[in-house]
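Following the hints, position chain F against chain W.
Residue numbers (the numbering used here), protein chains in the order written: chain W, 6 to 295; chain F, 492 to 1137.
A hint or two may mislead.
Here are the simulated distance ranges between beta carbons [as the list claims (entries may be wrong)]:
1. Leu-257/W / Thr-1019/F: 46 to 54 Å
2. Asn-1094/F / Lys-59/W: 43 to 51 Å
3. Gly-1082/F / Leu-245/W: 53 to 61 Å
4. Ala-1055/F / Pro-167/W: 40 to 48 Å
5. Lys-745/F / Ile-8/W: 48 to 56 Å
6. Ile-8/W / Ala-1055/F: 51 to 59 Å
7. Ile-250/W / Gly-753/F: 55 to 63 Å
8. Gly-1082/F / Ile-8/W: 42 to 50 Å
9. Gly-148/W / Asp-1065/F: 54 to 62 Å
10. Pro-167/W / Gly-753/F: 39 to 47 Å
11. Leu-246/W / Lys-745/F: 55 to 63 Å
If you are wondering where the hints come from, they were derived from the structure by calculation, not from laboratory data.
Just so it is clear, CB atoms sit at the ideal spot from N, CA and C, and this is done for glycine as well.
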Amino acid sequence: MAIKIISIILYLVLAPIVGGLLNGIDRKITARMQGRIGPSVLQPFYDVYKLIKKDIFRINNMQYMFVWGFFILVVITGVLFFAGEDLLLVFFTLTTAAMFLVLEASTTNTPYSVLGSQREIAQMLSYEPMVLLTAVGFYMATGSFHVSDIIHADVPAIIYLPGVFVGFLFILTIKLRKSPFDISTSHHAHQELVKGITTELSGKMLAMIEITHWYENVFLMGIIALFILHEAWWSIPVALLVIAIAYFLEILIDNTSARVKWDVMFKSSWIVTIVAGVLNIVVLQILLMN
Amino acid sequence: MGINNTTLEAVLILFPFVIAAILHFLKTRNARRIAAYGGCGIIIATVLTFAVKFFTSGAESVQILRSTPIIDKLMFGIEIFLMILIVVLSFRYKKYYAGLLSISQTALIAWLEISHPSEQKFHLLTDKLTVIMCLMIGIVGCFICIYAIGYMRRYHHHHTEYKDRRTFFFPLLFIFIGSMFGLVLSDNLIWIYFFWEITSVSSFLLIGYTKTKEAITNSFRALWMNLLGGLGFAVAIVIAHLKFHITNLSDLLKIFQDITSGNEYDILVLIVILLAFAGLTKSAQMPFSKWLLGAMVAPTPTSALLHSATMVKAGVYLLIRLAPAMHGNVAGTMVSYIGGITFLITSMIAITESDAKKVLAYSTISNLGIITACAGCGTEATVWAGILLMMFHAVSKSMLFQAVGSIENSKGSRDIEDMHGLIKMLPELAVIMIIGICAMFLAPFGMLVSKWAALKSFIDSGNIILVCFICFGSATTMVYWTKWLCKILACTPSKHVEDITTSGQWLSLKVHAALTIGLCATFPIIATSVLNPLIKRMFFVDTVHVLEYSDMVIIVIMLVIIFAVPLISKFLADHMKAESSLNYLGGINMGDNKTFEDSFHNNRKMYLAGWYMEGIFSTNKMWFPTVFICAALIIISIAMAIGGAL
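The following block holds chain W by itself, in its conformation from the complex:
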């Protein structure tokens, strides 16, 4: 119980700091890849600080209600995850949170925002099956949906779930809003939808979305760690290394690919889900039966 509470508190306090730093590192590496020096690693914090000090312009009241809802639910997702709860419950909460972001954008009833929200729905359609299959995979590999049980398995889950891991990395690109799948909104200034799903947000509210993404990203990195973590102590540094590699890979893909249309995203992610995820799970089932 004590460990649970400590890890929840650590998540609540550290996640925004780690998430912000991850973002800063991302921008630094991206800049170097593009031959620029790039901003300081702390730049995301300066940005958010500046946003918080700005006035808010609002289109309607509901909009902010949904932003707060998005924030609260993403934090709950992370809390449930780091408290070691049921993985399916965690993912269902995450879906509900994502819904709030979609609703925020569509309630504004403005063209860019609404288009962004519709594309966000297409993104959810693309990644959702793989997310659920990931939970299914963990359950089959370790016999439990509970995060607290999964990290105490005898062998790392990735041994049983290489395909699921690949599939999850694929949809992680969508979740992290990286090119080629950054269709609903983008971190870069070349988005044809202005700022897509966050077009109508400003000041403090935009800062909140930013902080929420930090929380979310830390949680997503946690899922990657879950593939590696097990009983042995050395799995912790290995997990950190795998996270670093995975994150670098996402940045590399982000900087080397062009944005695709939604149907390409949808088809490719479902195909990857079937080829990597479903196949992995079917093979695992056959192995388990024997």
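Below, chain F without anything else, positioned relative to chain W:
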């Protein structure tokens, strides 16, 4: 002693028919209203007493009515009458095949009853599943009837082109409820078949209410598909009777405990597969889904009744009853795969629809698909999930249909595109819609919880293909509900539409909303005190383990959070200093957030349409392959079962 269970059951089955007869002769609106309200009140009171008595007396199964020669003769007479009715109608509308189907099955049953009279066993059986079904039928069904009173008045106000046949319509609703009670309370197969046929015929009559060409075509489609299922049912009864002298459903399930292999087992599987076939037609699974979609031409209360508490639930009820007998044989494989395919494909097609009632219809078929898959798997855990899904679905779907009906009455359209900004136009109805939609797919509402349980139990039973169907289907399900929610919540500067929903309609809507939320809040209690013992009895096992109690408690906590989040968020949002600004429209906003100036200095109206992804999920592309695959699956399975039995 007071009132005993026999009396209560008799009241449940017969009283709706009495009300139906009374309603037929009442011509004025007020008289009709009083009769319907009174009737519904009595039915609900009876069903509640029945449930309370059942649970307080130890919740043991009760078998009653041993010798019933008079009732049997009466039923026989009604069956013949129904057959003649169908034959006459099918000749009048030149749909001879329906008459042929009806004659063949009635003749089969008649031959059986005359040439092989059975020894009298008990006819009615009450257990926990029966009581759950009765509560569902009684409460949801009656409130739909109450809703219908106000709705039909408006309906005929709007649709002057249709003949007012309300003296025909209301009795049919009550006949429907009465026969549903009969169906779930009976254990004798011939009795179940009898009530099964009444629901088929009355749904046929209800769908054809407006007597337009489309309505008649669709009603006959519903009729022949259900009669085909009925034929399967009749053949199953005959085989069961001749081979094993089984007259009761519970005996059929009990015999499965003793016979687990050999030729006798194969014949039993054939019986189960034929009964399951009947269940599939009634619950509108692929390839028989079209009749339920066609049923949309009828007035909304009919759709609500067919889709939520009655008709389609009769199909899944039978499948759930049969579930223990379907585990691990060809019947189970057929039923679970058809359920899984139906779930995935119809949820994809629902994305491309913009007619609200059609989306609801596809979603019904899709949800019934998971229930069917759960029943087909036939393990304790899947059936547990299936029953839970059935309960939650009945309440939320009935509420959604009624809300759409009221919106249609007020706005004159039921297109989802016209619900753009409903939250500003009809705020109260919009809130009901939002609760209903959230209940259908969001954490922590019932449907999602049951889907969670289903997913877990499919993995445990090793049905990986079904697991994949659920993973993909959940994503597509989420898309069509989210899109709809987005439409409703769009804040457009639009006029307030006059809400002409009557107080009776509101009563029904509010009760449904309360039930939806109440069921989620009390679900750990329902699960442990009602579902677990029920499953133990059905499967003759000692322990049932699906969701852990701690998980269920977390769900209830989440329910509180989900209601708290909007309230807290609203409080926080209201207390943020913010300046209002105009929307960014791409061009120059003309000040009303609706018009903008384009690059040619013309004022243009902005319109944001929904996204239906027709290119990928079109009906044309998906319908026929699915029908083909499912039909092939059924034919092959039945052929295999016959081959095994011979």
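Could you tell me whether the CB distance from Gly-148/W to Asp-1065/F stays inside 54 to 62 Å?
47 Å, violated
Evaluate the given range 55 to 63 Å for the C-beta pair formed by Ile-250/W and Gly-753/F.
59 Å, holds
Note whether the CB distance of Leu-246/W and Lys-745/F lies within 55 to 63 Å or breaks it.
60 Å, holds
When you take the CB atoms of Gly-1082/F and Leu-245/W, is the distance between them in 53 to 61 Å?
55 Å, holds
Taking 46 to 54 Å as the hint, is the beta-carbon distance of Leu-257/W and Thr-1019/F inside that range?
Hint holds: Cβ distance 51 Å, inside 46 to 54 Å.
Does the hinted range 51 to 59 Å hold for Ile-8/W and Ala-1055/F at CB?
27 Å, violated
Is 43 to 51 Å a correct range for the gap between the Cβ atoms of Asn-1094/F and Lys-59/W?
Between Asn-1094/F and Lys-59/W, where Cβ atoms are some 32 Å apart, the hint is violated.
Pairwise beta carbon distance, Lys-745/F to Ile-8/W, judged against the given window 48 to 56 Å
Given about 50 Å between the Cβ atoms, the range holds.
Check the following: the C-beta atoms of Pro-167/W and Gly-753/F are separated by a distance inside 39 to 47 Å.
45 Å, holds
Does the Cβ-Cβ separation between Gly-1082/F and Ile-8/W fall within 42 to 50 Å?
58 Å, violated
Outcome for the supplied range 40 to 48 Å, where the beta carbon pair is Ala-1055/F and Pro-167/W
41 Å, holds
This entry does not satisfy hints 2, 6, 8 and 9, going by the numbered hints stated previously.
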